[in-house]
Amino acid sequence: AQRVTQPEKLLSVFKGAPVELKCNYSYSGSPELFWYVQYSRQRLQLLLRHISRESIKGFTADLNKGETSFHLKKPFAQEEDSAMYYCALRANTGNQFYFGTGTSLTVIP
Amino acid sequence: GAGVSQSPRYKVAKRGQDVALRCDPISGHVSLFWYQQALGQGPEFLTYFQNEAQLDKSGLPSDRFFAERPEGSVSTLKIQRTQQEDSAVYLCASSFYEASGASSYEQYFGPGTRLTVT
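As they're listed, the protein sequences go chains A and B. Positions 1 to 109 (this note's numbering) are the ones given, in order, by the first sequence. Positions 1 to 118 (this note's numbering) are the ones given, in order, by the second sequence.
Hints in this document: simulated from the structure, not taken from any laboratory. Bear in mind the structure is a predicted one, so any value in this text is a computation, not a measurement.
Label-pair ranges, simulated between beta-carbon atoms: (1) A:P109 - B:R15: 39 to 47 Å; (2) A:S55 - B:Q17: 41 to 49 Å; (3) B:R64 - A:L10: 32 to 40 Å; (4) B:P8 - A:E54: 33 to 41 Å.
Backbone N, C-alpha and C fix where the C-beta goes; we use that ideal spot for every residue, glycine too.
Please put together the full structure from these sequences, using the hints given.
Below is the structure:
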């Protein structure tokens with residue numbers, strides 16, 4: 001069963017425009033949600049996690065348990081934000097992570 | 001310090017051959033994960049080690065897949081009698097903490113090994 005859904009494979013926005021990358025999940029219990037990013041020719045790295053309630057590189061994500069969503073947002077996109085973004089869920093067992101299929105973000109100058 | 005390293009970075013195997021993929025985690029990291037990432041997909045969990053113990057292998061797709069971490073550091077993922085559907089990028093990730101810990105933690109990913117089965 002698909003646990004993490006990222007409905008957009010590709011997303012293009014203009015520089016300075018707001019950006020929202022959607023993530024919905026399906027899981028009973030209290031999962032942890034993460035966003036990972038992969039810049040061109042770099043390895044996958046953690047961007048942010050819901051439990052920290054932090055803002056990294058201007059990105060924020062709020063866990064909405066009612067809508068089972070964890071959308072990633074940034075008010076003003078920058079060219080350096082162009083990358084592949086993966087939403088991930090950590091299961092209650094702790095050691096299993098489920099990733100979405102990813103959204104490729106392109107910020108147009 | 002050095003991050004997670006994987007070797008080889010690229011591997012081409014003929015169908016039916018056995019392959020071995022190596023992962024060197026960050027020194028001192030307790031947890032080690034293997035993932036399979038098919039083209040256009042996100043990483044899919046294969047297996048998890050806590051030190052030398054393989055605590056979860058539920059994601060291994062068949063008994064042709066075998067992973068080990070005998071001394072709690074370097075890990076090897078072996079695929080026997082490779083099939084075309086095994087073609088993917090194999091990612092290794094490590095973490096300082098045990099996965100069962102209540103607090104959140106960060107996984108550090110390696111660059112991956114791209115396996116192509118012809």
